[in-house]
Every structure is written in structure tokens, then in C-alpha cells.
Amino acid sequence: MTTILFIEQVLNGLQFGVMLFLMAAGLTLVFGVMGLINLAHGSLYMVGAFAAAAVAGATGSFLLALIAALAAAAAAGALVELLIIRRLYARDHLDQVLATFALILIFSEGTRWLFGSFPLYLDIPDYLSGPVTLPGGIHYPLYRLALIAAGLAVAAGLFLLISRTRLGIQIRAGESDREMIAALGVDISKLYTIVFALGAALAGLAGALVGAIQSVQVGMGEPVLILAFVVIVIGGIGSIKGALIGALMVGLTSTLGSIAMPALFRMFMDNSAASATGSAVSSMLIYILMAAVLVWRPKGLFGGAV
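Mapping of the sequence shown onto the UniProt record's numbering: residues 1 to 306, in sequence order.
Keep in mind that the hints were calculated from the coordinates and are not lab data. Using N, Cα and C, we set each Cβ at its ideal position, and we do this for glycine too. Incorrect hints may have been included.
[To be verified] FRET-style restraints, in silico, Cβ to Cβ:
| no. | residue 1 | residue 2 | range |
| --- | --- | --- | --- |
| 1 | SER283 | LEU5 | 31 to 41 Å |
| 2 | SER279 | PHE6 | 10 to 20 Å |
| 3 | ALA182 | LEU160 | 21 to 31 Å |
| 4 | SER163 | ALA102 | 29 to 39 Å |
| 5 | ILE226 | ILE4 | 25 to 35 Å |
| 6 | TYR121 | GLY35 | 15 to 25 Å |
| 7 | ALA276 | ALA182 | 51 to 61 Å |
[Claimed, not checked] Derived BS3-like pairs: lysine-lysine, alpha-carbon spacing no greater than 30 Å straight-line:
| no. | residue 1 | residue 2 |
| --- | --- | --- |
| 8 | LYS241 | LYS299 |
| 9 | LYS190 | LYS241 |
| 10 | LYS299 | LYS190 |
Produce the entire structure from the sequences given, and follow the hints as far as they go.
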């Protein structure tokens, strides 16, 4: 592996990681504050992507598409919380899993009814298209660098929201003792709706940003949801810092492993067998990483430190 290829893959891993963070941050907020297992979080990612693609196709504006993705995902999340999720807080996790799995089917079929079964495409805006030359003569897509910057900016804003604002204080208190903050006069139902809508908006933003580098299609959120669960298990449930560190670890492991594993197996096998075996092993690396972290720290890297 050349130095240039290694740096490019590191940047790809960072881009993948920050997009996973946007998914995992909302998921860990919802679970940390509400104790809710939300399998439909990937559907909100899909809602954001489709809303962005539809608005971009109608207006030609990428900025309006991002705003539409945030608004549509947040509105869908708030509506789902008010109508369905609110009835699940006192139920056990099996009921939550079954209900949110049903929401996946409803969102998927509803999206297929509205937009059809064919994928949509969201174009990269002209001002973010093309490569940029980095130190060392590395040519890297400007849009992917913008994704890294946007993801890190959202992470910084989320840290400030949680640590420096009244809403953040209420969210942290809700993670620690929701009965006590309700007794102190905080409208816990309103807080739950805000947190759920915030998590949905982050997922929708991730879907819109990623939609410009891959097709927007029904079911696109479920594979990302699985990785987001891996991220919050590694980082620790309820920890935003853990979600960011875990997402970067998963992104880098997945991206670098897809290059390193086939190259490693070529030392012992022919090219075709090495590529197949290396690809299979590289897809397992993030789960091996998760298992190693859980053996070392069963609560995750930052779990329990609310």
C-alpha cells in the first residue's frame, strides 16, 4: 500500500466515521434518555435522503435540500414519538423492538408508494464538485472533505448543546434520573419529543449528505443502522463522546481493512482467492473490534459516565 493510497483511505474512513456518528448520536441520545430501542432510526435516515433528493430535483438547490432533509426527518420523528413511541416507554424492550420494526415496514412501503421503487440521485453541487489538491500531491474529492468538516462541526455543536445549554442540562439529567427532573417541574413528555426529533434530524442530515455519493433508495438506512448500533456499543450507550470515537474507529477499521486484508492474504494465496477471503475477513473486522472492546470494557469505552 502506497503512502498516498493510505492517506486517501484514512480520509475515506474519517468521512465514513463522521457520517456514522450522525446516525449513532441520535440513536444513543434516544436510548440514553428514553431507554428506547429504536429500530426505525434507519428509516428516518432514509426519509432525510428522499426529502433532500426530491427538493433538490424540484429546486436545484443543495442547501434547500439539506434544510428539507432536516425538517422532514425531525417532523417525522416528532410525529412518530407523539403517536406511537410515547406508548412504548413503559413496555419492555421486546415490545419496543416489534413496534419499531413495524415502523420500518410502514416507512419503506410508504416511501415506495410516494417515490416508486427506482432509486433517486442527488447531485453534488458545483461549488463542492471536483478534487482538491492536498499537501503531498494528493488529489481528494472536495465533497468528501466537506462531509468530514460538516460532520465534525455538527459534533462540536452537539457537544456544546449537551454541555452548555439548558436543554443539554435537562437531557443529561434525564439520562441520570428522569423521575427526579419530572418532579422538579420539567415537562418530560416535551423533552422526549425534542430529543427524538433531534436524533431524527441528525439521521436525516446524514442521509441527505450521503445521498449525494450513493443512490437514494428504499431500505438504504438499515445497513447503516446496524453499524450505528455497533458504534454505540463500542463507545458506550448514552455517551456522545463515545459515539464520535466509536464511529471514527469503525469507519477507519472498515475502510483500511478493505484494503489491508486482501493485500495480506495475497502473501499466501493467489489473487482471486486472496480478494475473496480478504473481503470476507475485512467485513468481520468491525465486529471483532466490538467484541474486543466489550471484553476489555463491557459498558463500552465511555459507558456509564453520564
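- Message: Taking the Cβ atom of SER283 and the Cβ atom of LEU5, is their distance within the range 31 to 41 Å?
- Response: violated, 20 Å
- Task: Compare the distance between the alpha carbons of LYS299 and LYS190 with 30 Å, and conclude whether the hinted pair is satisfied.
- Result: Holds. LYS299 to LYS190 sits at ~29 Å (cutoff 30 Å).
- State, for the Cβ atoms of ALA182 and LEU160, whether the hinted interval 21 to 31 Å holds or is violated. Holds - the Cβ-Cβ distance for ALA182 and LEU160, about 25 Å, lies within 21 to 31 Å.
- Message: The hint says 51 to 61 Å between ALA276 and ALA182; measuring C-beta to C-beta, is that right?
- Response: Check passed, 55 Å falls within 51 to 61 Å.
- Task: Note whether the CB distance of TYR121 and GLY35 lies within 15 to 25 Å or breaks it.
- Result: Since the Cβ atoms of TYR121 and GLY35 sit about 38 Å apart, the hinted range of 15 to 25 Å is violated.
- Indicate whether the distance between the beta carbons of SER163 and ALA102 respects the range 29 to 39 Å. Given range 29 to 39 Å: holds, Cβ gap about 36 Å.
- Task: Determine whether the Cβ-Cβ distance between ILE226 and ILE4 falls within the hinted range of 25 to 35 Å.
- Result: Given a distance of about 31 Å, which is inside 25 to 35 Å, the answer is holds.
- Task: Verify the proposed pairing of LYS190 with LYS241, using a straight-line Cα cut of 30 Å.
- Result: holds, 25 Å
- Item | SER279 paired with PHE6, Cβ distance criterion 10 to 20 Å | Holds, at about 19 Å.
- Straight-line alpha-carbon gap LYS241 to LYS299, limit 30 Å: holds, 14 Å
Figure legend: structure checked against the earlier numbered hints; hints not met, in rising order: 1 and 6.
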